[in-house]
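There are 2 protein chains.
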Amino acid sequence: MTTDSTWEDFAARMRELRHLDSMSSLMGWDEQTMMPPKAAPGRASVSGTLAAIEHERMASTEYGAVIDKLEQESLGETRRSMVELAKRKRDQAVKMPARLVRDLAETSSRSQAAWIEARSKDDFSIFQPLLQRMFDLKAEQAEALGYEKEPYDAHLDLFERGATAEMLRPMFDSVAAGLTPVIEAARAHGDDDRVLPRGPYEVQAVLAYCNDLLERLGYDMEAGRLDVSAHPFTSEIGPGDVRVTTRVDTGNVQEAILGTLHEMGHALYHMGLRDDWAETTIGESVSLGVDESQSRLWENQVGRSLAFWEGELPKAKQSLRPWTDTTPEDVYRAVNRVRPSLVRVKADEVTYPLHVAVRFELELAISRGEIPVADLPTAWNESMKRHLGIEPPSDADGVLQDVHWSLGYLGYFPTYLIGSVYSAALFEAATQALGGADKVDAQLRAGEFAPLLGWLRTNVHEVGSLKLPAEVIAGATGKRAAQEIDTAPFVSYIRNKYGPLYGM
Amino acid sequence: MTTDSTWEDFAARMRELRHLDSMSSLMGWDEQTMMPPKAAPGRASVSGTLAAIEHERMASTEYGAVIDKLEQESLGETRRSMVELAKRKRDQAVKMPARLVRDLAETSSRSQAAWIEARSKDDFSIFQPLLQRMFDLKAEQAEALGYEKEPYDAHLDLFERGATAEMLRPMFDSVAAGLTPVIEAARAHGDDDRVLPRGPYEVQAVLAYCNDLLERLGYDMEAGRLDVSAHPFTSEIGPGDVRVTTRVDTGNVQEAILGTLHEMGHALYHMGLRDDWAETTIGESVSLGVDESQSRLWENQVGRSLAFWEGELPKAKQSLRPWTDTTPEDVYRAVNRVRPSLVRVKADEVTYPLHVAVRFELELAISRGEIPVADLPTAWNESMKRHLGIEPPSDADGVLQDVHWSLGYLGYFPTYLIGSVYSAALFEAATQALGGADKVDAQLRAGEFAPLLGWLRTNVHEVGSLKLPAEVIAGATGKRAAQEIDTAPFVSYIRNKYGPLYGM
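Sequences listed follow chains A and B, in order.
The first sequence lines up with residues 1 to 504 when you count with my numbering.
The second sequence lines up with residues 1001 to 1504 when you count with my numbering.
Check the hints yourself; a few may be wrong.
[Stated by the list, open to error] What the simulated footprint calls covered on chain A by chain B, stretch by stretch (three residues with Cβ under 8 Å from a Cβ of chain B suffice, anywhere in the stretch; the number is not a length):
id, stretch
1, 20-28
2, 126-138
3, 484-494
[Unchecked claim] One-sided and incomplete, this derived list gives chain A residues near chain B with beta-carbon spacing under 7 Å:
id, residue
4, P37
5, D212
6, A223
7, R225
Simulated from the structure, these hints should not be mistaken for lab results.
As the structure is a prediction and not an experimental result, all values here were calculated from the model.
Glycine is no exception: its CB is placed at the ideal position from the N, C-alpha and C atoms.
Turn these sequences into a full structure, and let the hints guide you.
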């Protein structure tokens, strides 16, 4: 075979794999937004079949042979990256027995359904057997994939290439050390008046406003859509098709708005990936941490800034009647109110990292076999007490609050903190590139989001997976990639913003 | 291999094929209800990949070998039918080159998008090149599949097993002969006052009413959902997941209501298929004609009856404000108003068969190469003039009105008339079994739909594809399956109902 025909063969296989991903994304989106309840068991079987086909294609000896052949040829940087990433993914797939792949996919659908029921009935025992099964399968997966120091590293690596428990521990520690004084200052200061009007907000009006917001900030409504789901998420179903969801509480509008900005951040990243790489391995989001840096940046650095609300408030008032007498400062103080709370997705950005720390700690213990699944509710509550000083009165607001474990996302939560840390570093670099903080504030105030989005497109989105996650961030921030994640920009962002807010 | 393991292998392959069907259905449903416009080209490629995988699995030599082996064993009726149907489908697949399968799937997505644009701009030239491409591919397909008398028979057989142009011609002729006097009587009689209030109807109120209707008539809302699409359709995505759509015109509520009953009829059939056959070849709708008999029966024999509206009207009035002064007789006369019109989906049940005749005639000519695609708009208008005495003022209401050709559904339209003819025969048999016309009328008036649905479940739905389409109908109506389709029950149903309405 000549190089050209080998490359064509390789390209066709990459394309087919991306297409199978697309089907899988569509099924996942449908399950969480549209699917009728009685479809769940049947859908689980179909997901299992699709996963088995994906695995068969990925692990095929023909694909392996093509990759091996191309590895020995001299290719440009772009093609070399495509081949390297293909090899990494194929190696992971080959290590996974087909039976395990199918079991994971089927258990994921079933256990998600059980989680929904368990949470709505506040009854962990409904979820427990399927969660046990899921963790057993994940333990098997870690052994199959292999790791250097401990099983948890195998899980982490799936979501954030190269991350290890050893590397993340200092990040958690230094962030906790940097943030604790802020939380204590907030506790001492008192801020009971810093709340947005309680509504009631009309669901349709809130959704209409969220749609406006998406459109004005740069989300392409012709290439996506906003729906409602129990747990908000973003789904790239394919080129020209990146969908987001939110949830609307008639008594609390903040969650819908900031949640929409969060998912929009993910979506803008996926919409900004290069079209000409769409059917290759490098045309994907590089890691969950980098993906999360985009959602955090739009949610926090933009959506929780005073400048943004100075420009946005008059528009928001057109849809949100209860906001008639609200000022930009009211919104700013409310969305930046620091208060240890029970539910991660409702947490402020200062206590949020501690919610992640609770999960990091428990996941590590689970993967080491130190906590039986039956004890998770108790262990959860103890960890919440230790990190945040509060204890959940119910499992629904405790161990049952997140969908992730039901889907088998062990090692996923730490990427939320990585994202926060990266978002601060990226915003710092963008601010400098765009002419300084005053200039960027003026743009946000004027509703000009194109310069910031443009900078992110060029420096992050269009790089795709051409480089390693840490290299993407290093390239964008003009620094060298290091072994440890630098938490300084994040801690100083928090201190600079919350110091004045809480008289530190 | 022992018989047991051969059977297990066969069962696993049937199951996988049904699962691939499920993915394909979900993508199709999404395309027509939810998908953002810019996703179309990418989705077309993904559809092509899925079609190629389905074809690969269906045509695999291993599947062929298992089928051949099982054909020689002595199996019970159920298993024998599964194997026979598998063989028929596989033979069709094997005859189709993989390239043709992929081209058909990709062209289908693209040409559907072109059709949507062409119709909205009333410009056939936008659609013409893709329709040409589609018909060329369909001609190739007919040659690949083979036929005895003419290419069109190959198309027909895909939708209605065993149907041929020669067999359908007498059905079209005898129905036209039987119905023409009714149409002439209606034309002479005058019925300008037989209309429902023009509205305006609120879209949300109409949809809420359609949802009520579905639920009360026996559609399981936990195993399906109602959405809006340009062309109403039913999609069986899997067990426990049969979705319907409708369209709502604020000035004309009749179409939304009867359209919902129509799609519900399809959905009740699919919901009534046996669960334990769900992952086999016989757990499917047996043919489009039988499927259509179910939609027609609920739309026409139920939804266009006086008894139904006598019971239904008070409930309808709760949602449909413009109906305040409407009587059951008003609705009955309006939904049974006979008037040659331009658009098939808006046609009454007497002129409807002539719309089908127009398409049957044109499709036959296309498949014989007697009409160039460029001449279709003119040929359409001429045929409308001949059959219905009216000529479309625009292609949007003429040759561009149906989605079907864009999807490659050549040979599909005749099944609409087969469905009407079968629906009358089935309703006649059900009426007799349930104690006569007065008894059934009393049930419809009382909103008791379970007896009729129960009869259809037992006699049609639960038979699945265990028998041939004509055998299913023969079994249900207690007659012997014959070569020709008996149109007498349909013609007498129309004459008995419309005679009194138009003073014949």
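List, from low to high, the hint numbers that the structure doesn't satisfy.
Checked against the structure, the hints that fail are numbers 2, 3 and 5, while the rest are satisfied.
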